[in-house]
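A.B. asks: The chain contents come next:
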Amino acid sequence: MNLIEVRNINKYFYQPTKMQVLNNVDLDIEKGHFVSITGKSGSGKSTLLYLLSTMDTDFDGSIRINGEEMQGKRNRWLADFRNHHIGFVFQFHYLLPEFTALRNVMLPALKLARYTPAEIEHRAMDLLQLLGVEAQANKRASLLSGGQQQRVAIARALINEPLIIMGDEPTGNLDSQNAAIVFDLFRQLSSERGQTILTVTHDDDFARRSDKVIHLVDGRIAD
Amino acid sequence: MKLITNIKLAATIAFTHMRTRLKQTLIATAGVTFGITVFIFMVSFIQGSNDFVQAVAFEQSPHLRLYNEIQTAPANIIDRTHPGNINLVSHVKPKDILLNLKDGPQVVQALQQDPRVAAVSGAVSTQVFYRLGSSSINGTINGIRFEQENALFNLQAKLVEGSFKELATLPNSLVVGVGLARRLNVKTGDRLEVTTDKGNNFSVKVVGIFKTGLTDIDKQQSYASLHTVQRFLEVPVSYITDIKIKLHDMELAPAMLPELQAKYGVHGSDWKQDNSALLEGDALRKMIVYGVAVTILLVAGFGIFNILTMMIYEKMKDIAILKAMGFSDTDIRWIFLVQALMIGITGALMGLVFGFLAAYGISKMPYKSDVMITLDHLPVSFSAVYYVTGFTFGMLTTTLAGYLPSRKAARVDPITILRG
Numbered sequence: 001m002n003l004i005e006v007r008n009i010n011k012y013f014y015q016p017t018k019m020q021v022l023n024n025v026d027l028d029i030e031k032g033h034f035v036s037i038t039g040k041s042g043s044g045k046s047t048l049l050y051l052l053s054t055m056d057t058d059f060d061g062s063i064r065i066n067g068e069e070m071q072g073k074r075n076r077w078l079a080d081f082r083n084h085h086i087g088f089v090f091q092f093h094y095l096l097p098e099f100t101a102l103r104n105v106m107l108p109a110l111k112l113a114r115y116t117p118a119e120i121e122h123r124a125m126d127l128l129q130l131l132g133v134e135a136q137a138n139k140r141a142s143l144l145s146g147g148q149q150q151r152v153a154i155a156r157a158l159i160n161e162p163l164i165i166m167g168d169e170p171t172g173n174l175d176s177q178n179a180a181i182v183f184d185l186f187r188q189l190s191s192e193r194g195q196t197i198l199t200v201t202h203d204d205d206f207a208r209r210s211d212k213v214i215h216l217v218d219g220r221i222a223d
Numbered sequence: 224m225k226l227i228t229n230i231k232l233a234a235t236i237a238f239t240h241m242r243t244r245l246k247q248t249l250i251a252t253a254g255v256t257f258g259i260t261v262f263i264f265m266v267s268f269i270q271g272s273n274d275f276v277q278a279v280a281f282e283q284s285p286h287l288r289l290y291n292e293i294q295t296a297p298a299n300i301i302d303r304t305h306p307g308n309i310n311l312v313s314h315v316k317p318k319d320i321l322l323n324l325k326d327g328p329q330v331v332q333a334l335q336q337d338p339r340v341a342a343v344s345g346a347v348s349t350q351v352f353y354r355l356g357s358s359s360i361n362g363t364i365n366g367i368r369f370e371q372e373n374a375l376f377n378l379q380a381k382l383v384e385g386s387f388k389e390l391a392t393l394p395n396s397l398v399v400g401v402g403l404a405r406r407l408n409v410k411t412g413d414r415l416e417v418t419t420d421k422g423n424n425f426s427v428k429v430v431g432i433f434k435t436g437l438t439d440i441d442k443q444q445s446y447a448s449l450h451t452v453q454r455f456l457e458v459p460v461s462y463i464t465d466i467k468i469k470l471h472d473m474e475l476a477p478a479m480l481p482e483l484q485a486k487y488g489v490h491g492s493d494w495k496q497d498n499s500a501l502l503e504g505d506a507l508r509k510m511i512v513y514g515v516a517v518t519i520l521l522v523a524g525f526g527i528f529n530i531l532t533m534m535i536y537e538k539m540k541d542i543a544i545l546k547a548m549g550f551s552d553t554d555i556r557w558i559f560l561v562q563a564l565m566i567g568i569t570g571a572l573m574g575l576v577f578g579f580l581a582a583y584g585i586s587k588m589p590y591k592s593d594v595m596i597t598l599d600h601l602p603v604s605f606s607a608v609y610y611v612t613g614f615t616f617g618m619l620t621t622t623l624a625g626y627l628p629s630r631k632a633a634r635v636d637p638i639t640i641l642r643g
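Just so you know, the protein sequences line up as chains U and H, in that order. Under the working numbering, the first residue of the first sequence carries the number 1, and numbering increases by one thereafter. Under the working numbering, the first residue of the second sequence carries the number 224, and numbering increases by one thereafter.
Hints in this document: simulated from the structure, not taken from any laboratory. In this text, all values refer to a predicted model and were calculated from it rather than measured experimentally. Even glycine gets a Cβ: it sits at the ideal position worked out from N, Cα and C. There could be a bad hint or two in this list.
Looking from chain H toward chain U, a few residues come up when the C-beta cut is under 7 angstroms (computed) [claimed, not checked]:
1) T243
2) G504
3) R508
4) I544
5) A547
6) M548
7) G549
8) S551
9) I638
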């Protein structure tokens, strides 16, 4: 079953001049796959990811995730959809610096409000343990090292048991040792938990070891 | 239910933001506090002074006055005898009329039966010269029935020395204003001469001295019994020139005036006409207070606006990440609106407390004045209306000051920030 179906996507940038970034992109991603999007800088790989993230709504064509059409939906609906089904991991860890690591992980779940705050805290602690950063739970996010922050960010992406985890160069800002830890984590999530993972990367090694690679050249998918 | 949990979550994020920016938050709160404090303080003080001045003036002013006035006839006789002609009469002179009210004592009795009327007093007032030795000062004498007049103006409380009671028992006795007594250098028991406008002289005895607090009255007015003044004027006992009325509800006065004028065929005025300058002054002073308060609150509002706008620039990344997590535009707006509201509520409440304390403080300050003789402390009003108004003002300004930046925060495009 295809979790993501992309049909005939065209995307333009208007600043500084009108420019086509994505050109008739079609792609399908199956549930449980670990997919990498690669390409040179300017090839449109990040643009494609942010379209799939539902945060960029300005495009022509159709994106269906889990059977739901994303085109033409309102901000509140899309925010709710992201909250339920999409977890993000970014190159720069983007934790909220004033909150503790634990609180950062809890926030998306508190927003979802599927469980009580006490249960959410318990689940967040479990995830921090799984990622090996439970010792940092009550430290402020700004005091953690880069590798620790990225693991907290992954825990945050997992807290609502999303359909998809999206990563924008999740290992791009990590040393090779931490990058290997993060990659192994993704691999493990995909194979053991059947988690769908979609990441943009320019790390060839990372891409080679994923289930599927989507390579973009000048806004088109190269075969 | 979902809305409430969303706002609660936004509030906890807002509180974390405020805690990490404690100094800025406190300064913004202090701005609102200061604005509301000044508003409460000024409006209490000014309203207190207004109330005091009004109380002094209104105590001397009846709600309704009925009297006669010398007037030029509106139509002349030649127009009536030769209608249709063009009649020219140059320089018509006003007719000399008796200034008394027709059937005055009966009108007083009739008014006493009126359920709207609290008290009525019929009086004769006339211009006289007070003379002692070579000096002569002009002024007015009010011929009154003490019990009636006292019911209207609480004369007894204004007596400085002597007694009003002797007016009725001792012929040709006067109670004089404190300023008049000082000018004539007389005290209780002294005698002086009174000359009426018809040239008659009477020797009178001062039996008391009163003080109203209004200089204009105190320095030229005196009270005598109704009969004494009627005798001075050589008029019968039915002759009265003024009927003063106190109502249970003073706001009815303007409506009652035309009714009484038509019924008894007399002139009249109500307290609003008599004190129009005073009332206008009150309204203007109140406008000034509100103007100053709104200005201060606007400045405080700009403070909140600035702090939130700066915070939003600092928090662009946080806003983007919250949006990626699934926080909607509305949730983001609440985060910043809650901060503004918290600053507003705290600032406004503290402003009310400090404003009250400041107002209470000056109400205890001793104050002596030659003009307002009955004043010993600064007059301050503690009406709850100003506290409600102040709080509402504060909340309105801060909500507006918070709404604009929070809308800006809600519009932040997460992609431009997350892509770097």
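A.B. asks: What are the numbers of the hints the structure violates, in ascending order?
C.D. replies: 2 and 3
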